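Below, each chain spelled out in residue letters.
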Amino acid sequence: MKRTFLAKRNALLSSANLSWGTLALAFALFVLLVRLLAPNFFLQAFTPAFRAAETIDITSHAFFNSFGDTAALAARNEQLVSENAALSNENRTLVEKEASLTALFGDANTGKVSSGVLAGVVARPPTSPYDTLVLDVGQNAGVTRGQEVFGAGGVPLGIISSVTGDFSRVTLFSAPGAKTEGWVGKAGISLSISGAGGGALTATISRLAGVVVGDTVFAPGPGRLPIGNVVRVDSDASASGVTLLIMPAQNPFSLSWVVVRDTGVAFRNSFPVATSTTL
Amino acid sequence: MNTMNLRNGILTIVSFISTILFPWPFTAFFVLTAAFFEPLVPLAVGLFADALYYTPYSGVWPTATISGLALSVIAGLVRRQLRTGTMR
Chain R
1 MKRTFLAKRN
11 ALLSSANLSW
21 GTLALAFALF
31 VLLVRLLAPN
41 FFLQAFTPAF
51 RAAETIDITS
61 HAFFNSFGDT
71 AALAARNEQL
81 VSENAALSNE
91 NRTLVEKEAS
101 LTALFGDANT
111 GKVSSGVLAG
121 VVARPPTSPY
131 DTLVLDVGQN
141 AGVTRGQEVF
151 GAGGVPLGII
161 SSVTGDFSRV
171 TLFSAPGAKT
181 EGWVGKAGIS
191 LSISGAGGGA
201 LTATISRLAG
211 VVVGDTVFAP
221 GPGRLPIGNV
231 VRVDSDASAS
241 GVTLLIMPAQ
251 NPFSLSWVVV
261 RDTGVAFRNS
271 FPVATSTTL
Chain P
1 MNTMNLRNGI
11 LTIVSFISTI
21 LFPWPFTAFF
31 VLTAAFFEPL
41 VPLAVGLFAD
51 ALYYTPYSGV
61 WPTATISGLA
71 LSVIAGLVRR
81 QLRTGTMR
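For the record, the sequence lines run as chains R and P.
Using our numbering, the letters of the first sequence correspond one by one to residues 1 to 279.
Using our numbering, the letters of the second sequence correspond one by one to residues 1 to 88.
FYI, nobody ran anything at the bench for these hints, they're computed from the structure.
Be a bit skeptical, because a hint or two may be false.
Interface residues of chain R toward chain P, partial, derived using beta-carbon atoms under 10 Å [claimed, not checked]:
1. Leu33
2. Val34
3. Asp57
4. Ser128
5. Tyr130
Computed footprint of chain P on chain R, listed as stretches where at least three residues anywhere in the stretch have a Cβ under 8 Å from a Cβ of chain P [unchecked claim]:
6. 19-28
7. 42-52
8. 121-127
9. 170-180
Here the structure is a predicted model, which means the values were calculated and not measured.
Built from N, CA and C at the ideal position, the CB exists for glycine as well.
Please take these sequences and the hints and turn them into a complete structure.
In structure tokens:
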């Protein structure tokens, strides 16, 4: 009897009944469970994969670029050689300057830069279907929810939306559904900036404001910080306002390093974020 | 392992790897292809993508999972119709 029972059970659980789809679903549910129960371990486990993706991305760009026109490449090569010599000299100067600044603002090895935390970007769009970044710093480095994230040149990029011990997620200003209060143009007319996805931002403003293509858009930070420029103004004769298409000052698709800072701006209310347990 | 099983396995694994390594439109392409043979793959890859990248905040739904579920349902229905047609 016992033998028959076992045989039947084995028949139900035989590998022949398990399709690839079922296995894939079980795996995805397992991964989801790990993320919910151990978010820090989850990101630690996937970081090597994200790093590999970055390497592949860089290699593939170089590969496809090598198919360019040979004559143009030769000319470009000459130009780059001369630029390289100039940059080498400049680099030497900057190394000296960096040493002086490190002495003034702290130890660069700890990742602390002036009043912020230097963070490497582990995952970014377009691999990520949402406009979010995964950073390799978390609570252990002093990162907390609601802090503002800046790119090169102090360009505001987004807000820390969730944190674990060693990692954090950034919701970019361009994320769909994200709302940021800001200003546009030299006059500093206030407007509500909405994320449009894919690194783009939109805003609606009165036609009388006289916003034109090329006007700079600012976000709050320590003062007004430029986050992008108006690239298109869509107006509808039947509407009182115009819709602005804003391109960010820094391309989120190519971010490698960012700085996380507590700017004291109350973003949490205008920019709803996740809880740390739902990273 | 027969050829069809091997093809389904490769498509499933490539879809998962693509979620991490390639931009999402590539993943969508692989998933669409895999859906013809394994209707559950879109849902699985959608869940996996959201586990990796989704950050819940106001007004944003887990699009990858929802799209995957919709595609899985459509693929399942199409396959059932095709099977019924073959039996006739």
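Here is how each hint holds up against the structure:
1. Leu33: Leucine 33 (chain R) check passes; min Cβ-Cβ to chain P is 9 Å, inside 10 Å.
2. Val34: Valine 34 (chain R) check passes; min Cβ-Cβ to chain P is 8 Å, inside 10 Å.
3. Asp57: Check passed: Cβ of aspartate 57 (chain R) comes within 8 Å of chain P, closer than 10 Å.
4. Ser128: holds (4 Å)
5. Tyr130: holds (6 Å)
6. 19-28: With 9 residues close enough to chain P, the hint holds.
7. 42-52: holds (count 5)
8. 121-127: holds (count 3)
9. 170-180: holds (count 5)
Checked against the numbered hints given earlier, this structure breaks none of them.
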